[in-house]
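Asks: Given next are the chains, with one letter for each unit.
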Amino acid sequence: MGTDTLVSVRDLKKHFPVTKGALRRKVGAVRAVDGVSFDIERGQTLGLVGESGSGKSTIGRTLLRLEEPTEGTVHFDGVDLGGLSPGDLRKTRPRMQMVFQDPHACLNPRMTVSSIIGEPLVEHESMSSKERNARVEELLGLVGLKAEHANRYPHEFSGGQRQRIGIARAIALNPDLIVCDEPIAALDVSIQAQVVNLMEELQDLLGLTYLFISHDLGMVRHIADRVAVMYLGRIMELADVDALYEDPRHPYTRALQSSAPVPDPVVEATREKIVLEGDIPSPSNPPSGCVFSTRCPEAVDRCRSEVPVWREVSPGHGVACHLVDAPAS
Amino acid sequence: MLWFIGRRLTIAVPTLIAISFVIFAILDLAPGDPTSSLPLSIPPDVREQIREALGFNDPFLTRWVLWMKQVFINEPISLFETMFNVQVGSGERTRVISWQSRAPVVETIAERLPQTTWVMGLAFIFGILIAVPVGVISAYRQYSVFDQVGTFFSMVGYSVPTFFTGLLAIVIFSVHLGWFPSYYDTTLEVTDWDSLVAQIKQLVMPVGVLSMFNAAALSRFTRSSMLDNLSEDYVRTARSKGLKEKRVLVRHVLRNSLIPVVTLIAMQVPGIFAGALITEQIFRINGIGHLLISAIHMGDVPMVQTLSFMVAALTVFFNLVADVVYGILDPRIRYD
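Chain order of the listed sequences is A and B.
All residue numbers for the first sequence refer to the working numbering, where the first residue is 1 and numbers rise by one.
All residue numbers for the second sequence refer to the working numbering, where the first residue is 1 and numbers rise by one.
Here chain B stands alone, though its shape is the one from the complex (with noise of 0.2 Å):
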């Protein structure tokens, strides 16, 4: 299994730089340059200089390699250096700076991720907590009533887009019962009783929204991996031994359908962090997806090229760990 993990470790490394590759080429082939944002009297003269002195008139080459020095090197030492408060060298090393602010992309992303991991993450969980019990009783009752209300609302919940259903709270919740507010206030600080009623009002809806969006496809995922493990002979013969029916359920058929599903769960991980760009949208969290989308409507090419690849590495990162999992749950796996 180390072997295993030091390999994949180890291909994971030219996979990231390919994938570095892609996300910058792809930028530089979009149109639209960091001076289009500027306002309009400045002389055409004198953009050339501010190009000039972003280095955006050298070769792809040059700026995809120094771009790379800037992501793995720089950084990571900045980020050290943060973190335990030392200095490394010099402390002076080119950063990859945001176009629109001038500050470091990370220091922004550092400050926007709390918002998004506690909306995303709380979804994800909720959206666990309610789709695997929903699947192991659609399974376990298939086609009785709870299952066919079941199939109903994980087919709406999964075919209608968050925009919709994210509105569609706001005017029923906010706009006519008054219950929540209709958007997220990022300064709210926690302090005391009635700052953390406020706290929770403000994270039910979009949570809501998103934990039903996760847990209908998740909740189709449990029931038929349930489903393909309760005609299994080895339910039978646990039936045979004498068993609790719940002690059959839970140790032998939901044990054994939960290994696809908690791979499943694990590559959605790093959508945590990734944040969700319409729901933060709708309900005005200034999470990672709010920055993604303005940085693409300014035209922040550092911003949204940092953006990508954090996500893109959470992910082959991720993979990972679902193998890994699925290798120590099911012991016919052996990667060795």
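Same shape as in the complex, but just chain A (with noise of 0.2 Å):
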């Protein structure tokens, strides 16, 4: 653990229970995360991709413990967030943020922006009603809307300004770090540049820590400085955002780096593609071995008996593949 790691996830699970019958008896777990270890530095963005159902949104709302971990730890500068009982949780809250993926439904439809904005500050910090719409307007500003949108509803907006409401509710209190959970999935192709920009303006401005889940490669790449590949629960590949786009090891990163299109028709016509096939395995039931082995254009026997530890290439390059050696060391 790096002296500024901010946050510092170590085996962390996420099962969730599947029942069956009036009883409610448990007959099985969806293991949508199953094993997550990776760290963030303060002030970097760590961009996590992976396929729907990989378990992305599942560790950023594990991380913050807004759903509680099976297994793990997750370290926040330095407190174990698992031990803290709810009283203590709620008061580290503050200090970590999310932005949510569908921006229609995570705004309180009864409440004006300017009370989803100030609530937090109702909350934890002592301050005249005056000071506070003073710090709603400031907010307000920061993201790009104007005082007069405070007394207003989340239905007059539009996708990508309430995206930014919902950016300005988490910088409200001044974070150190915001678990962005596909922050521009449900927005315009237009508008996703904007808000991306938002985000990037105001990680210099307040030196934010952001976990940047997507699943859109180009995105990660512009905004994060490492990036982790997920599949089925389980991490794949982690490497610093230029070694991961320029050497990819792990054949599932090869895959999807293949799989989005590059703006040059000429390289777009002639470039080689892979093409996974199939779906990707239930999470109830996953594949013995290497998880990735049902479809991976690469495996050999190997992949299918023995799941594939985790070996670093190259300082901060990590993957879990058999196929790929470790340099000699």
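Below 20 Å or equal to it, Euclidean Cα-Cα: the simulated PhoX-like pairs (lysine-lysine) are:
1) A:Lys91 with B:Lys246
2) A:Lys91 with B:Lys244
3) A:Lys26 with A:Lys13
4) A:Lys146 with A:Lys130
These aren't lab readings, by the way, just hints derived from the structure by calculation.
With the hints as a guide, bring the two chains together.
Replies: Okay, structure coming up:
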């Protein structure tokens, strides 16, 4: 753990019970997140990419203990979040915030913008209502909204504006960490860049640390410092952004990258594409051995029987694959 | 919003005229006539004269229009006169007269209304006070013991009719335990402490039975509305703000869940004035429900017509109230 590591996740697991029958007997578990470890340095952005259902959002929620982890630990600025009482956890919440995927559903429809943004201030700061209104106006300005928007209701805004409200709400208490759970997935492409640029500006301005969850590889490359690639609840590869995009080592990372179109028609027409066959397996019944073995174009027998261990191919570049050899040390 | 209310009130007028036609027509088609309850010794030709004098032999449309004039014009003016103690015009106008008592129907209703509103109103308020907390806790602790017990009791409360629970309450609490009187004494006047205790005692059983019945359906409704909202994203947002769980539950989830519940409550308000047909019979409360049943037995058509029309008019009005309340509670609804 480095000295300015803000978040340290070790062997995090989140299993959702599957129940059956009138008595709700537990018959199995959906292994949404199944043993994940990573660190986030202060002021940096960790991108988390993967297909739908790979457990990205669950990591985000479990990390903030909006859901209780099944196993594993999360240290936030040296404090074990799992060991905090509900009251202490509540007091820690201002320092770690979340921007949600669906800007239409994540704002209370019966509250005005000023009360949505101002509510955490009421709860955690002792401000007069005048100071609070001034702070709300300041926050609205920071995210590019006007002060007169404060007394409107969320339904009166467009998706992009609502996401800005969500960001203003998240930064209201000067957090250290913001988990961005696919913040741009529900937005029009033309709005996506605006919101991402806004988030980058705020990061520079306020010294924020991001966990940026997305399935958009291009956007992650743009915003992230390090990138983790997830598949079926596990991290397949984790590296600095340049290393991951220029020298992907895991077959899944290569397949994901080749699925993203290149904005150059000549390259796009000629480049080699790896097409994965089949669907992502059910997380309630994951394949034995390497979870990716059922779809991996390079899988060998060993992949189906033995779980690959995490190995570092170069400093800061880890991968979980039998076919990747660690450099001779 | 004002435009909306104005438009709806304007639409309410033809609606009420149509309702009055239906009520009048149905009762006119029903068998029986005003002389049937008179002594058998009255000879047929005298009966015919009575019918003629009551205007029973006029064509249907004539009688309907005359009745509408009585209901929409004469009765409101008479009500105005009694309320403000003034005389409008000559004071001479035909009123809707009960065939049983020969007294104006409206006066009889005014006599009976306080008993009904007391019992029904209290049952209504207690029903809400029980149902909302039960619904909230059941939803918050879904599938807990509390939820299961609450579900059981609301299923029982909703499916067992009040004539059974009412009689059961009488057998247990009046006959065996002797705690409460088995009937409601309307003549009781609250003047001192003892009469207040007696009044409360006689209210306990009818109000209890009715509020359990009201609470059963309402608590299920509150529970499902809470469950819908508990899984919403904005609840997670509220939790991530680091709010106290109570504040999340009350300020965020409950306030949103109450939107449909409040409209349901608003639409049940006419029931306070319509009375409870069966429960009033069982506990011998001579309220509106009791009045309606006896009027039906005696073939008192003007009384039945007026009571039915009164409930219809209240229903139309509180439907409008429910819509307006919905618009106030949910900022997403705009009527203009």
